[in-house]
Each structure stands twice: as structure tokens, then as C-alpha cells.
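Going line by line, the protein sequences match chains A and B.
Going by this note's numbering, the first residue of the first sequence is number 50, and it counts up by one from there.
Going by this note's numbering, the first residue of the second sequence is number 71, and it counts up by one from there.
No wet-lab data here; the hints were simulated from the structure.
Model, not experiment: these values are computed from the prediction.
Be careful, since some hints might not be right.
To be verified - With the C-beta cut set under 8 Å, the calculated list includes, among others, these residues of chain B facing chain A:
| # | residue |
| --- | --- |
| 1 | GLY321 |
| 2 | LEU347 |
| 3 | SER354 |
| 4 | HIS380 |
| 5 | PHE382 |
| 6 | GLY539 |
Said to hold, decoys possible - Derived lysine to any residue pairs resembling SDA-like cross-links, with alpha carbons at most 25 Å apart:
| # | chain 1 | residue 1 | chain 2 | residue 2 |
| --- | --- | --- | --- | --- |
| 7 | A | LYS341 | A | GLU290 |
| 8 | B | LYS343 | A | PHE379 |
| 9 | A | LYS221 | B | PHE269 |
| 10 | A | LYS187 | B | LYS343 |
| 11 | A | LYS221 | B | ALA538 |
| 12 | B | LYS371 | A | ALA232 |
| 13 | A | LYS153 | B | PHE269 |
| 14 | A | LYS272 | B | VAL268 |
| 15 | A | LYS198 | B | ALA378 |
| 16 | A | LYS221 | B | VAL268 |
| 17 | B | LYS343 | A | GLY233 |
| 18 | B | LYS489 | A | PHE258 |
| 19 | A | LYS221 | B | GLU396 |
| 20 | B | LYS569 | A | GLY241 |
| 21 | A | LYS200 | B | ARG469 |
| 22 | B | LYS489 | A | PRO223 |
| 23 | B | LYS363 | A | GLY233 |
| 24 | A | LYS198 | B | ARG469 |
| 25 | A | LYS264 | B | GLN565 |
| 26 | B | LYS363 | A | ARG206 |
| 27 | A | LYS119 | A | ARG147 |
| 28 | A | LYS313 | A | PHE379 |
| 29 | A | LYS335 | A | LYS264 |
| 30 | A | LYS198 | B | LEU383 |
| 31 | A | LYS198 | B | ASP318 |
| 32 | B | LYS343 | A | ALA188 |
| 33 | A | LYS200 | B | ASP313 |
| 34 | A | LYS221 | B | PHE322 |
Note that the Cβ used here is the ideal one computed from N, Cα and C, for glycine as well.
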Amino acid sequence: MQSVRGLRAGVVAANPSLPLYRSPPPLEVRLEDFELFALDRLRVLKAISDALSRGKKPEEVEKLVSDLWKLHMRLPQASESLNKDVISHFVLRLVYCRTEDLRKWFLSLETTLFRYRFKLENADSQKALLTEFNLPYKAVPNAEFEIVKEKLEQVARSIGSPLSSAETIFYKVPFEEVPELVAGRKVYISRGNAYVAMNQVVSLVVTQFRSYLSKALILTNRKWTSSVRDQEKDRLTPIVEALSTSYVGPDYSQARESTEVSLKDIDHAANSSFPLCMRHLYAKLKEDHHLKHAGRMQLGLFLKGVGLKLDDALAFWRAEFSQKVGAERFEKEYAYNIRHNYGKEGKRIDYTPHSCQRIISATPGVGDHHGCPFRHFSEENLRAALGQMGVSNRAMEDVIDKAKNRHYQVACTLTFEAIHSSSCDRGINHPNQYFIDSQKILQSKLSITPPCNTSN
Amino acid sequence: MMVILPSSSSSHRRASQGSVSKDHCPASLGVRKRLVYNDGAKRLFLRSRFGFGTGRLLVRGYMGQGGAVNECEDMVVEGNELDVPGRKYGIPPAPTDGFDPNHLRVYYGKLFPHSDMFKWLSYGNDGKHPGCDQTYFGRREFSFTLDNDIYLRFQSFSSLPDMEASIKQKCPFKIDLGPIYSVDPSKRHAYAKSGDNVFTPVERELIFDIDITDYDDVRYCCSGADVCLDCWPLMTVAIKVIDRALRDDFGFNHILWVYSGRRGVHCWVCDAKARRLSDEQRSSIADYFRVYKGNENGLNKVSFVGAALHPFLVRSYSEVLREYFEEVLLLKQSILSSEDKYEKVLEMIPDKSVAAELRGRWQGKQRSQGSKEDINVVRWQQLKSLLQSGRFKGQGLRRTVEEIIFSFTYPRIDMEVSKHMNHLLKAPFCVHPKTGRVCVPIDPNNCEQFDPTTVPTLAMLMEEINMAGSREEPYDVNGTSLGKEVIYFRMSFLQPLLKSCKEEIENSYNTRLQQSKNSLTW
Chain A
50 MQSVRGLRAG VVAANPSLPL YRSPPPLEVR LEDFELFALD RLRVLKAISD
100 ALSRGKKPEE VEKLVSDLWK LHMRLPQASE SLNKDVISHF VLRLVYCRTE
150 DLRKWFLSLE TTLFRYRFKL ENADSQKALL TEFNLPYKAV PNAEFEIVKE
200 KLEQVARSIG SPLSSAETIF YKVPFEEVPE LVAGRKVYIS RGNAYVAMNQ
250 VVSLVVTQFR SYLSKALILT NRKWTSSVRD QEKDRLTPIV EALSTSYVGP
300 DYSQARESTE VSLKDIDHAA NSSFPLCMRH LYAKLKEDHH LKHAGRMQLG
350 LFLKGVGLKL DDALAFWRAE FSQKVGAERF EKEYAYNIRH NYGKEGKRID
400 YTPHSCQRII SATPGVGDHH GCPFRHFSEE NLRAALGQMG VSNRAMEDVI
450 DKAKNRHYQV ACTLTFEAIH SSSCDRGINH PNQYFIDSQK ILQSKLSITP
500 PCNTSN
Chain B
71 MMVILPSSSS SHRRASQGSV SKDHCPASLG VRKRLVYNDG AKRLFLRSRF
121 GFGTGRLLVR GYMGQGGAVN ECEDMVVEGN ELDVPGRKYG IPPAPTDGFD
171 PNHLRVYYGK LFPHSDMFKW LSYGNDGKHP GCDQTYFGRR EFSFTLDNDI
221 YLRFQSFSSL PDMEASIKQK CPFKIDLGPI YSVDPSKRHA YAKSGDNVFT
271 PVERELIFDI DITDYDDVRY CCSGADVCLD CWPLMTVAIK VIDRALRDDF
321 GFNHILWVYS GRRGVHCWVC DAKARRLSDE QRSSIADYFR VYKGNENGLN
371 KVSFVGAALH PFLVRSYSEV LREYFEEVLL LKQSILSSED KYEKVLEMIP
421 DKSVAAELRG RWQGKQRSQG SKEDINVVRW QQLKSLLQSG RFKGQGLRRT
471 VEEIIFSFTY PRIDMEVSKH MNHLLKAPFC VHPKTGRVCV PIDPNNCEQF
521 DPTTVPTLAM LMEEINMAGS REEPYDVNGT SLGKEVIYFR MSFLQPLLKS
571 CKEEIENSYN TRLQQSKNSL TW
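Let's have the full structure, built from the sequences with the hints guiding it.
Written out as C-alpha cells, the structure is:
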């Protein structure tokens, strides 16, 4: 194999569309690409993770992988796409090698990604990949095939995927290499060899991939802790350390024209399109005519993302707060902060609305109403709140279950789906995303008469 | 040198003590047996298990620690303990459960095949070939269970004399074998649990444990720890099915089946490939053998969906299960003879109307009229023809007959035993403390002949030794009924295994030599 490798430049695999990430690419990468490529790949991985934890069926995940890969990772030139693929993988290796949990997550997701991408390849491409893996597996010669054919057909029928007459390619593999298939009695075994169908070869290949990546991650970690982390502490290390916790969605800091919301619309919008966290804050604001600082930040920035202009925002908060503290105190103590949020004061940073990740990690104290209700509400309160939003009993159980298992964003997504009677494939990662998606659905419902489901 | 006078009345033997040295430990008159030593001459005075009687049993002192037997005085063991003048200590009768711990000492001294066990567990690494791994045997974990339930784990021995001495000295009630570790288990504390310098299993036989109590829901003759010739065929079936699969499907050759001493069988797969299997691979083999999908209403549920059965299941069914069910177990267990028994079977039929029709025919009838055939056979025929008649359409019915047969006969292995490399398992040739039976090998090719009720017991063997001694014959294992078991172990299992191990050691040694030669010549 070594001499063959020498012939190839760098690591470009024989199969151009699905690399094996055997060694880091001998390419120069721009610093921005270093981060951006990794972020794009992370989007795909997180979406897969989301889909799996929501119990999506394999066919759905397969489609998701195909769509997302095209969306985030494709570039005009095939070679560019390949480079992005390889670079992003290796960058994420650095990011996710650093603790046992990170390694587990990355290994699991990359293996799953690889499995689906492999399945999406055509047969020739799969065969080529098999050779790439240097698996010492022989295709079963015709003569032998005829002898064991009946048994192979029996096995195929027993697992519900009978052989078509065209399927005559089987691989002979020592049974130790395919434990999953042996355990499920999905292969015919004789004299220590398992006869693996072409479509089962995926299992073979994925096991190899996984085992290789697992070892590579440990090595990467060693290298990282022993040398790279310090060498790169001014350049790559901060990027790497930030990547594992970053939010990878849009930041919603600039509200789009189409979603501008005016003062009078807020009330209606709150009832129909606000996520639970914002509904709660809004309701409490209406009730108490006051919110503590963190609550003001969370709701205020959200409203900015929703499209509330500064003047309208001032009017909104003034209307509420002056009922408690009076107009004068409002101007003195609160108005400044609101303008600050819009970047009109002080550092003039246009603050971005908080993502779910940030909101979930907040720790509300007594008298606080910010944070993620799926995390902090008692079950009773959660049920009551969901009921008020219009979540059906059946969906409610799912939502509660997810919340109990600390899948807060999944719970919110299920809530969204229940209320809007349509599915939300991407999952909720940002309150403003919830709002926008909700508005989209409602508007499309309005524009179609009679109203019908816009679920996909 | 041992002289035993045959008793005049063979059914009663008297046990009493003859000359006693002053360093004697007093024997209690109570229930517990006590090992009695004379430290000076290292003699052990045996107590007969046969209680009091009128015969005489002369027992010579025995040398405990290997080495030559001393000239020691013969002891006349006879008469009522209180009658013999000079007798200070009584000898209580042996416990009736067939196991006398005192006899263990003789067993380990004379009968236990230390050398064969050592040869087995060394797998050819006996130091004679330069390619041998000298540390191999020493990295094996042994575990001893002593009297009073004292449990010694992580024992290891560097050589045969080392192991033999320890066994003879400690007289364990049970010896368990563990895996070969990366380093000597007794030095394990010096090594970490993870990282580079680990203490971890590196080799272990692939093992299976089948216990007849796992079949309690389908055997009516005994329950719990008992076993008899009416239910033992279940073990025969298990051996046949699994042995065949291990050889034909998985390609293993060096397989040892052992009677567990009471109510089950153990299987040791000793091929090099088997010893090197990971936990995951062992799990996959155990799952390959698994058919029961769990428990429903106390019944082990077998459910065959799918258009066909896997060839392994088909072969097991057609070669073993069907025949044993219809020709052996149906009768021995009277599976359909009474209402509660046949209801159990009727419950397995997914179509209630079929069950109802059969129930109608069987209810209230003790004997099938006018038929000389066994009622179970008749009813089974009725059940089969009804299900196969085609009168009842139902997907679930297609495999009901197979499902029933599998439920009653298919092997039930203990999954946990097979899955993990570090699982301990009792060594062959141990004596079971509750039954006194020796854990003898079972020949899978003749397993239907195996009779657990005639397996040699410790007491029997002691008897045989005494008899041999009295006839001035050598009283070692060859003179006893254990002899043929050891010979079987040696010839059928050990020799082929060692031959294969030696070949492997030579080959890998030669390969290494060749490689180093190649790297030297550019």
C-alpha cells in the first residue's frame, strides 16, 4: 500500500467524494477558512445529533444528511468541496479531541455521518472505498457462490431483504470483523468466515472507520496537549477552544424587513409566535410592569431581533415600566440601557439576541424570569404554560419527557411543532428563529384558503 | 506402601483411631470434620465416611506436601470409638452429602491432574522452544474458594510445582480460572487502570455456562438443583447444538465440554483465535446463539418472524431439536399429559380457536381411547396436523410448531458468562462441594451417553484408592474411575491442542526471525 500512497499527491483519495481522513491534508488554509469550514461542518454534525435525539427514522436522517451536506459543505469545484471536507474534519478533530466526552460525541457523529454518506454513494464508488480501507476481504468466487447460494438466500429471507437475482456479489470476511452482523444472525457463517452482502458491507467499513478515528483522536489529543496547544496559543488555540461551545446559527441581530413588528403587533405576535421563554417574560412584564436586568436583556434583544425599532422599543418599555416606577424614573434609569442594547450608547456594540444555548445556561434566581422554562419550570408549571399555548395532551407528554431528560431545545421544537401542526426539521436553536419560522407558517396559512397544513 | 485391610462386612465400616501422637489436634465429636496432623511425620489420619460398623478399615498415613511417603505406622481404624483403649478422640460419621473435605487433600495429592492442567493452561509455552513466552502461565489468574467461604482472588503461579504446591496446601473447595492478564495478577497494583501501563485481560478462552435451572419452566421432573435422567437430555441438546455451531460455523477446533458437578455443563473454547476475542466479539457470538426474546408471563418467548429461519437455526432444528423433542422430552417430561402442562403449550399458539379446538379434544380425557401410543405423542400429532392442515389462516401460525419446540429444547446459555473476558469459571476436575462429584469432561460426540448420576464422586474415589492400596496396586489416578476421564482429556483435547499451539509458536517465531533477517539485509 505504501508505494501506491506515494503515487498519490497528498491525501486525495481514489474516491473523490468520500475521503477517509487518514492524514491531514498538505494544504495551506486561510485562518478564516480554518474557522468557517469547521463551523459549517459543525452545523451538519449538530443537525444530525439533533435528529437522532429526536428519534428520527434512518430514511429521514439519510435525507437530512444529503440535504445538509449540499447546503453547507458544497463548493463550486469538486476539489474545493473535498478540501473543505477534509480541512473541516481535521480542524474539528483538534476541537473535539480534548476530553473524553467531546471525543465520544465527535466519534459518534462522524461515524454516523460517514455511514450515511457511504450509503449514498453508488456501488462502484463503494467498492473502491472498500479497497481503500485495505480490508483483506475477498469477493466470493462464482464457484463457491453457487455452493453456498441457497444458504445465503435463506439468510437474506430471514432478515427480510431477499436477494434479487442481480445480487451475486458477496464478501468473505472473518466473523470477528463483523460482530454486529454475527450478533443479529444477519450473515451466513461457515468455518469462521462470514458471507457479507454488498449492502451489509457498510457495517464493515463503518467499524473500520470508527476504530481508526477513535485511535486517531487519542493521538491528536496527545499531540494537542503536549505541543500544539501552546505553540498556537495566540492563533489557533482560541479558535479551537471556542468552537466546541459555539452557537452555529444566524445571529438575528439585524432584523429582516419582512419581519418588522410594530408596537401594536407585539401583543398578537407574543401570543402566536413567541417561544415559551419570551412569552413568559412578556407575561410577567405585563403582570408586574417590571423585569429584572437579565430578563430585560433577554426579552429586549429578542424584540430587537424580531424587528422592533428603537423608538418603538422605548415606547413599549416605558408604557410598562412607568406603571410601576413612573415615567421620570424610567427615563433616568432604564431608557439608557435600552438605547445601549441598540448600540446607540457607550461602546456602540449592536448586541445580538441571545441564542438558546446562552439562555439555557443562564441561572435565574428569585424574582428572575429569564432563562429557559423547559429547564427551570416545575412540571406543573410547564404543563400549565404549554396548555395555555395550545399544546395538545399527547404532544405535551413528549415535550415533558424531553424536558425531563434535559433535551430542552428538543422540547421547545416539539412545542413548536405541536402548536403549528407542522414539523421543524432544523430544530430550535434560537428564539428569533422560532419567531421567524412561526410567522412564516402563519403567513403562508393566511395566504392559502382554505387553510391547510404546510408541514413537509 | 499403603495397606488397607478389607472389611469383613463391606456394608459397615468402623472408624476409630489407632495410635495417636501427642501433637494431635483433637477431633471434635460433633458434626464438623477436622483435618488432623501429626506435624512430625506429616501424616494425615483419614476418617472414613462410612460411619460406624463392624468392619475394619486400615488407613495409612499419607504424605501431604509432595515428596516421599514416610515410613509411618499403620493405623488400625476399627471398632467403636469408645471401646478402643487408648483412644482419645472420636470420629464422627461422614456427612451424607457425599463430600468430605478431608478427602480433598487425598484428591489433590493423588488424583487431580496437575500436570495436565498445567500443560493445558500453558498452551505450549513450556519453555522448551525459544519462541515460548516464559511469562504466559504466570499471568493467568486463579481463584481459590476455601472452606468457610474464604475467597482468594488473583492467585498466580510461575510454574507447575508452584501451582501444585499451593493447591495441595490450600485444598480449595473450588478452583476458578480467570483470564491471562497483561502482567502477573499478583503484581496488579503496580499498574494503572488506563493509559499506557495497564493491568487488563489479554487472553481468555471463549466460555459457555449452561445451567439446567434456567430450564425450570420446561422441566417437570425436578426443580432447583436436582437433575435426573429425564431432564438431562436438555443438556445433551445444548451440547450438540452449540458444539456443532462452534465447529462448523465459527471454525473452532479445540473445544472442551465439562460437567459442572451438579446441574449443568461448561464449555471451554481454547483455539488461539477464541482466546484473543474481544468482549464485543464474545458478545456477538453469545447473541448469535440467543433465541429467546425475553420473558412473557413467565414463559421464555420464542418468536420467529421473517420468511425463513437462519441456516443455523434450521440445522439445529432438523438435526437435534425436533428429534429430541418428539422422541425424548415429549415422553420423559409428559409435556401434554395433564391440563396445566398442555395449557402451557396451548398458550403458545397465537390463534385462540386452534387452541380451543385442541382443548376441546383433550379436556377431561386421561387416556386416548383405543390407542396404544403414549398420550403425549398422540396429542402432539394432533396439534401438528391441526396447525399444518391449512384450515387456519394466520401469519402467526406458520412457525408455531417450531416455536414450541424451540421453547422446550433450544439451549439457554448464561449470556454474562460468555461476554466478558474477566469472568471466572470453575476449573475442570474440581469436586463439587454439594454433590461430591468431579467435574469431568464430556465427549460431545457421545454426549447422549453421558449420565450425571454415575459420575465419580470423591467418596467413590477414596474407596477405590483404598481398594487399590489393599491389593498392593499403585493407588494413583489410573487405578480409579477418574483415570479414564483424565485419559480422555489428555488424548482427545490436550494433545491436539498442544500440537496446534506448538505449531503456532514455531511459526510465529520463524516469522519473526525472518522479519529481523530481512530488516538486516537491505
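Does the structure keep A/LYS341 and A/GLU290 at a Cα separation of 25 Å or less? 32 Å, violated
Next pair to validate is A/LYS264 with B/GLN565; report whether the Cα-Cα distance is within 25 Å. Roughly 40 Å separates the two Cα atoms, so the pair is violated.
For the pair supplied as a hint, B/LYS569 and A/GLY241, is the alpha-carbon distance within the 25 Å limit? Roughly 20 Å between the alpha carbons, so the hint for B/LYS569 and A/GLY241 holds.
CA of B/LYS363 to CA of A/ARG206, is that 25 Å or under? 20 Å, holds
Would the pair A/LYS221 and B/GLU396 pass a check requiring their Cα atoms to be no farther apart than 25 Å? 37 Å, violated
Are the Cα atoms of B/LYS343 and A/GLY233 separated by 25 Å or less? 21 Å, holds
For the pair supplied as a hint, A/LYS187 and B/LYS343, confirm whether the alpha-carbon distance does not exceed 25 Å. Between A/LYS187 and B/LYS343 the Cα gap is close to 20 Å, so the pair holds against 25 Å.
B/LYS343 and A/ALA188: Cα distance at most 25 Å? 23 Å, holds
B/SER354 as chain A interface residue, shortest Cβ-Cβ below 8 Å: 4 Å, holds
For the pair supplied as a hint, A/LYS198 and B/ALA378, is the alpha-carbon distance within the 25 Å limit? Cα-Cα ~15 Å, so holds.
Regarding the pair A/LYS198 and B/LEU383, is the alpha-carbon distance no greater than 25 Å? Holds, at about 17 Å.
Would the hint linking A/LYS221 and B/VAL268 be met if the CA-CA limit is 25 Å? At roughly 35 Å apart (the allowed maximum being 25 Å), B/VAL268 and A/LYS221 break the hint.
Violation of the numbered hints given earlier is confined to hints 6, 7, 8, 9, 11, 16, 19, 25, 27 and 29; the remaining hints are satisfied by the structure.
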